[in-house]
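Colleague: One letter stands for each residue in the lines below.
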Amino acid sequence: MLEIRFHGRGGQGTVVASKVLAVAVAKEGRYVQTFPEYGVERRGAPVVAFTRIDTEPIYIRSKIYEPDHLLVLDPTLIAAIDVTEGLKPGGWIIINTEKKAADFPQFKDFKVAIVDATSIALKHRIGSKAAPIVNSAILGAFAKITGFVGIDAVREAVHELSPVKKDENVKAAQEAYDVAKAPEEK
Amino acid sequence: MSEEIKWEKESDMPLMAMSLGRMTVNKTGSWRNLRPVIDKEKCNKCGICWKFCPDVSIEIDSEDYPVVILDFCKGCGICAVECPKDAIGMVKEA
Amino acid sequence: MQKVMMGNHALSWGALLSRAEVIAAYPITPQTEVVELLSNMCADGSLKAEFIKVESEHSAMAASMGASAAGARTFTATSAQGLALMHEVLHWATGARLPIVMGNINRAMAPPWTIWTEQTDSIAQRDTGWIQIYTSSIQEILDSVIQAYKVAEQIYIPAMIVLDSFVLSHTNENCEVPDQDKVDAYLPRFENAYKLDTEKPAAFGGLTGPDWYYELRYKIERDIQKALPLFEETGKEFEEMFGRYYGLIETYKLDDADVVLVTSASIASTARPVIDQMRSEGHKVGLIRIRVFRPFPSELLRKLLSGRKKVLVVDRNISFGMSGAFYAEVKAALYNVKGRPPMWGYIAGLGGRDVPMDVIKGMIEQTMKEDHPTQDIIWIGVKR
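Residue numbers (this note's numbering), protein chains in the order written: chain A, 1 to 186; chain B, 187 to 280; chain C, 281 to 664.
Because the hints were derived from the structure by calculation, they are not lab data. Keep in mind the model is a prediction, meaning the values are calculated, not measured. The reader is advised that the hints may include incorrect statements.
Taking lysine-lysine and the BS3-like style, the derived pairs with C-alpha atoms no more than 27 Å apart in a straight line are [unchecked claim]: (1) Lys533(C) / Lys462(C); (2) Lys533(C) / Lys27(A); (3) Lys144(A) / Lys283(C); (4) Lys283(C) / Lys88(A).
Example chain C residues on the side facing chain B (calculated, C-beta under 7 Å, incomplete) [claimed, not checked]: (5) His371; (6) Trp372; (7) Ala376; (8) Tyr436; (9) Ala483; (10) Gly485; (11) Gly486; (12) Glu495; (13) Arg497; (14) Pro622.
Note that CB positions come from ideal geometry on N, CA and C, so glycine has one too.
Start from the sequences and build out the full structure, keeping to the hints where you can.
Modeller: Below you can see the structure in the form of structure tokens.
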């Protein structure tokens, strides 16, 4: 079983991202369970969401304390909170940022991959200039970097769950998939 | 008029409190100790007493006069109070 | 059709497939999505139901009763404070013998204000005469709505399907949405033999003295007991039609278990991998998940728990001044059994406190270590 944690700020589509991943994985015939950190929500506040993936039915229903991998949709969270809390050593941290993976030495115990999802989202005009929605892009990158889910399933899930701009979101996921790569040294 | 429904045992009863008969078995006229008497001389056939009776115990006859249904009239006296012509008096039952 | 959906939406889909005809509900976190989706389904025509916006949960149940009495298949949903507000009308629905089906999202009672899960809200209604089904997966939630109507309408007893706040209500997982044709074959139209009918006038719920009220109560108890075999029967029919069985309880690795964990809802789900882990360590442990809490499956529990070495019950609820409710009732069911096992009663997870695998394991291990319990309530994880 894989346990994946998503970090973002309210309004960026973090919770939707966790659901899109679940829907994509389910389309590939696996079992999924996805839920947000339960609490009161407001725009801009840190948001955490979780997705469990398995080839067997998932019975465990407690919170996820030691995720296998992370997706960080908003890089400003890295300074604000300890995104790696509980993260298993050697896990992937996929960060939406313009920086390079080497710019995150604090994550040396983990595998860092970056994707400039913000630029991709802005290019496809998803969300607003001030608040671009990066979830489709970061999921495309996730598919490429980790190989845990196929890009076709991600595209289908993105299309299904995007409330507006379905085609743009799918393109963003594909573009992020095409450009993403992990740093060679990791 | 209908008959009073009597049960002997649980299996005679409907599934819930559901009375299948009509309440006309319950002759509430026996509760009365004052009876309304209508003075036809004074009555103007306005029908106000018929409208106000809370127990639907006043009928209108073929000449448009009100008639008290003594089987059910409880003697509350509302008709007497509401009559604009003071045509209704309440008299003691024997 | 395979979907990934949240527990709340599973209730809505269950109501849609059951062809609910009247929906009267009032919003409350964490139930809101149930009613939002039902409202959308009515608006787009996929659900041909009358949607009544009421101003409180008390009215929601009152309106539901009117609809059910008129012969409509009726559905509503609520949680915690809302369920409590409906309390007197819950009694009424049972006494009036109206097979309403309701989803209740188990949320802890305020104060303090909370939105997280606890079963005390529905436990506090266990005396109202409603059937209570405690679910532990999204699929079960959807399927239980359909089964609940089938049972409720045969015995004229209302039913509530309860699910943990957020842990089930707002968790998305794989769910098969059954075909409407198959549901129609499984669940016939509702025919209320006692419905309001101007052709057959009757007066309902009138003053009934001590000479006949007693018999009407006897009828309710006699009929709610029929749900025990009916759940098994309708569960088998469901399995034949849809490939999934739902009965009164669910067991896991119970056969040769010396120590049995009895619990419900999402804790029972997380307990499964704990049982697996402890079995691989050589412990003979097993699990009973109580699904139908009302009517209480006493006979079945007597059969399955007699002869065990130890039993522990985990409650995510509390009846203040006594103990957890499942613990009290399991104990009561076993009382007259000769050689009954000692039973431990744990309280965990109130107010949405998470109950992970190691906490469940800790409770089983504590029971295994002790010869007999020394308290009626064992509080787990109180920060002292």
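Colleague: Does each hint hold? Answer for all of them.
Modeller: Do the hints match the structure? See the list:
1. Lys533(C) / Lys462(C): violated (32 Å)
2. Lys533(C) / Lys27(A): violated (31 Å)
3. Lys144(A) / Lys283(C): With Cα atoms ~25 Å apart, Lys144(A) and Lys283(C) stay inside 27 Å; holds.
4. Lys283(C) / Lys88(A): Given pair Lys283(C), Lys88(A) is violated - Cα atoms ~30 Å apart, limit 27 Å.
5. His371: violated (13 Å)
6. Trp372: With a minimum Cβ separation of about 11 Å from chain B (threshold 7 Å), the hint on Trp372(C) is violated.
7. Ala376: holds (6 Å)
8. Tyr436: Status holds, d = 6 Å.
9. Ala483: Status holds, d = 5 Å.
10. Gly485: With Cβ-Cβ at 5 Å, under 7 Å, it holds.
11. Gly486: holds (6 Å)
12. Glu495: holds (4 Å)
13. Arg497: Hint violated; Arg497(C) Cβ to chain B Cβ min 10 Å, cut 7 Å.
14. Pro622: Violated - the Cβ of Pro622(C) stays beyond 7 Å from chain B, reaching only about 41 Å at its closest.
Against the hints set out earlier in the document, violations occur for numbers 1, 2, 4, 5, 6, 13 and 14.
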